[in-house]
Amino acid sequence: MCQIETSTNGNRSVDQEKEPLTWMFWRKRRYIVAMMVHVGFLSSYTMRVNLSVAIVEMTKTRSFHNGDGTAFNERELYFDWSVQDRGIILSSFFWGYICTQLAGGFLSKKFGGKWVLGLGIGLTAILTLLIPWLVRTVTTMIVIRVLQGMCLGVTFPSTHNVWLYWAPIPERTRMASIGVAGMLVGTVIGLPISAFLATALGWESIFYVFGGFGVLWLIAWIIVVPSTPAQDRRISKDELEYIQRNAGASNEKSLNVPWKSFLTSKPIYAITASHTTDTWGTYTMLTQMPSFLSDALNYDLESSGLLSAAPYLLMSFCIPLSGAFADILQNKNLLTTTQVRKYFNCGAFLIQMVCMLMAGFIVHRVWSVVFIVIAVGIGGFALTSYSTNPLDIAPAYASVILGFSNTFATVPGIISPALTGYLVQNQTVDEWRIVFYIAASVYVFGTTVYWFWCSGEVQPWALTKNRRISEETKKDEISSEGVHI
Numbered sequence: 001m002c003q004i005e006t007s008t009n010g011n012r013s014v015d016q017e018k019e020p021l022t023w024m025f026w027r028k029r030r031y032i033v034a035m036m037v038h039v040g041f042l043s044s045y046t047m048r049v050n051l052s053v054a055i056v057e058m059t060k061t062r063s064f065h066n067g068d069g070t071a072f073n074e075r076e077l078y079f080d081w082s083v084q085d086r087g088i089i090l091s092s093f094f095w096g097y098i099c100t101q102l103a104g105g106f107l108s109k110k111f112g113g114k115w116v117l118g119l120g121i122g123l124t125a126i127l128t129l130l131i132p133w134l135v136r137t138v139t140t141m142i143v144i145r146v147l148q149g150m151c152l153g154v155t156f157p158s159t160h161n162v163w164l165y166w167a168p169i170p171e172r173t174r175m176a177s178i179g180v181a182g183m184l185v186g187t188v189i190g191l192p193i194s195a196f197l198a199t200a201l202g203w204e205s206i207f208y209v210f211g212g213f214g215v216l217w218l219i220a221w222i223i224v225v226p227s228t229p230a231q232d233r234r235i236s237k238d239e240l241e242y243i244q245r246n247a248g249a250s251n252e253k254s255l256n257v258p259w260k261s262f263l264t265s266k267p268i269y270a271i272t273a274s275h276t277t278d279t280w281g282t283y284t285m286l287t288q289m290p291s292f293l294s295d296a297l298n299y300d301l302e303s304s305g306l307l308s309a310a311p312y313l314l315m316s317f318c319i320p321l322s323g324a325f326a327d328i329l330q331n332k333n334l335l336t337t338t339q340v341r342k343y344f345n346c347g348a349f350l351i352q353m354v355c356m357l358m359a360g361f362i363v364h365r366v367w368s369v370v371f372i373v374i375a376v377g378i379g380g381f382a383l384t385s386y387s388t389n390p391l392d393i394a395p396a397y398a399s400v401i402l403g404f405s406n407t408f409a410t411v412p413g414i415i416s417p418a419l420t421g422y423l424v425q426n427q428t429v430d431e432w433r434i435v436f437y438i439a440a441s442v443y444v445f446g447t448t449v450y451w452f453w454c455s456g457e458v459q460p461w462a463l464t465k466n467r468r469i470s471e472e473t474k475k476d477e478i479s480s481e482g483v484h485i
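Numbering (the working numbering) for the sequence shown: 1 to 485.
A couple of the hints might just be wrong.
[Said to hold, decoys possible] Beta-carbon label-pair distances, calculated as ranges:
hint, residue 1, residue 2, range
1, Phe452, Gly202, 52 to 60 Å
2, Thr428, Ile222, 47 to 55 Å
3, Leu240, Gln427, 57 to 65 Å
4, Thr137, Val444, 41 to 49 Å
5, Thr199, Asn333, 49 to 57 Å
6, Arg234, Val354, 45 to 53 Å
7, Trp367, Thr137, 38 to 46 Å
8, Ala230, Asp80, 54 to 62 Å
9, Gln425, Ala230, 27 to 35 Å
10, Ile88, Trp461, 20 to 28 Å
11, Gln427, Pro258, 44 to 52 Å
12, Leu216, Asn331, 33 to 41 Å
[Stated by the list, open to error] Cross-link-like lysine-lysine pairs, in silico, BS3-like; alpha carbons within 30 Å at most:
hint, residue 1, residue 2
13, Lys28, Lys110
14, Lys237, Lys110
15, Lys28, Lys332
16, Lys110, Lys266
17, Lys332, Lys266
18, Lys260, Lys110
19, Lys237, Lys28
20, Lys260, Lys332
Keep in mind the hints are simulated off the structure, nothing from the lab. Where a beta carbon is used, it is the ideal one built from N, C-alpha and C, also for glycine.
Using the sequences and the accompanying hints, generate a full structural model.
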């Protein structure tokens, strides 16, 4: 006989686990899975951003001195690529990335998120290892980057399939935010480590180190993480029962997506608008902040590189903090799921809008940096909201929803850098102001759409037969404060 303490919060029913959570995450198998996802995202983002540093060394121009003491520049004969070539190479990743978003969702439903996520990162690691051996021309480099984008395009949708089985509803936001935080940590450490490796060991070492790490992660992922808790021989009976009681997973793997209802669902477009808004600001700053610091604020290159990592360091703290805070607010019945999603997402966007306006209006050597760091970093609260929202509204189709939204959210990665390059041709302060004002306007758009169309409730069209029966059963159960079995 066991007692399940059950409470309700809007559409949420919470069963408490016998052994409480502690800081010793390794005692809970589900949090080992969350940390493995975290490290996987960390690895994927180091491989995503390392070329930004490596390409500088690969096409480096060095100064040599004549016998009379005069200096002249001579390009290193690694790769004689023009500035335009480098721009195309750096953007080519997104060409592949945008192609596999929906495919990632469908493949995860068919084969399981474990294998799609693992192979996506693992194949990217192998391609990274091959770069020093295969790349001889611009075309070859572009082909490899497109393939890497296609491989990593499945990662975000596939993680939702992992959470569907491993993340209990009361901890879903927290676990998802732990995993997603890995991408910020990967960005923060990937850039300076790449610079160190290029200086100390040559540009080839960047790809060997990060590619090798990705392969090691894949091996550990396959060994450590089962596809579902029921397949885990190391999980305790108490934890397994707790996950199964609070899981949102459906056993109906062959479900067909109800496309008419899907494409006419306002909450899906709220998620898509929010996701696209967030990536516009993130990609704009990720690609242009070093140039802004150098050209408009007169920072040297080394300082620009360090300061450019600061926003993502702040975001790496905001993501797990916001995830834990969101779960507390919901589990204690202080706010409904819909309210938490709206307040976190729209509140973050409004703060980001103000900070972008201030950064562009002031253009001050210190304060502009402070406002940019806050603007990007506070986005962690929005990220945990919209990235977890698919599991709220349609758990069985969450990976497909995220693939759908991430398809649109990839477009800013292609458009924003090109638009910024067109706007700031002379690198003047007035030109940079336009970039910040556009970003602020995009945040207003995202706030408006998400506030009016967001929902934290499971949508009627997303209820499978088994899920519908489960929901009706829970409505009967939660009429009393405790249920005894």
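Comparing the hints with the structure gives:
1. As the Cβ distance of Phe452 to Gly202 is approximately 53 Å, the hint placing it in 52 to 60 Å holds.
2. A hinted range of 47 to 55 Å holds for the C-beta pair Thr428 and Ile222, which are about 52 Å apart.
3. Judged by the Cβ atoms, the range 57 to 65 Å given for Leu240 and Gln427 holds: they are separated by roughly 59 Å.
4. A hinted range of 41 to 49 Å holds for the C-beta pair Thr137 and Val444, which are about 44 Å apart.
5. One distance hint, 49 to 57 Å for the beta-carbon pair Thr199 and Asn333, holds here, with the actual separation near 54 Å.
6. Arg234 and Val354 have their C-beta atoms about 48 Å apart, which keeps the hinted 45 to 53 Å range intact.
7. Checked against the given bound of 38 to 46 Å, the beta carbons of Trp367 and Thr137, roughly 45 Å apart, stay inside it.
8. For Ala230 and Asp80, the hinted distance range of 54 to 62 Å is satisfied, since their beta carbons lie about 56 Å from each other.
9. Range check, Gln425 to Ala230: Cβ separation about 59 Å, and the 27 to 35 Å hint is violated.
10. Taking 20 to 28 Å as the suggested C-beta distance range, the pair Ile88 and Trp461 does not conform, at roughly 42 Å.
11. Hint check: Gln427 to Pro258, Cβ distance near 50 Å, so the stated range 44 to 52 Å holds.
12. A C-beta distance of roughly 36 Å is found between Leu216 and Asn331, which places it inside the suggested range of 33 to 41 Å.
13. Between Lys28 and Lys110 the alpha-carbon distance is near 27 Å, which keeps this suggested pair within the 30 Å criterion.
14. Of the pairs offered as hints, the one joining Lys237 and Lys110 holds, with about 27 Å between alpha carbons and a cut-off of 30 Å not exceeded.
15. Only pairs whose Cα atoms come within 30 Å are accepted, and Lys28 paired with Lys332 is accepted, the gap being roughly 22 Å.
16. For the hint linking Lys110 to Lys266, the alpha-carbon distance of about 26 Å falls within 30 Å, and the restraint holds.
17. A threshold of 30 Å between alpha carbons decides the hint, and for Lys332 with Lys266 the separation of about 28 Å falls inside it, so the pair holds.
18. Only pairs whose Cα atoms come within 30 Å are accepted, and Lys260 paired with Lys110 is accepted, the gap being roughly 21 Å.
19. Distance hint between Lys237 and Lys28 is fulfilled; the C-alpha atoms sit about 11 Å from each other, no more than 30 Å.
20. For the hint linking Lys260 to Lys332, the alpha-carbon distance of about 36 Å lies beyond 30 Å, and the restraint is violated.
Checked against the numbered hints above, the structure breaks hints 9, 10 and 20 and satisfies the rest.
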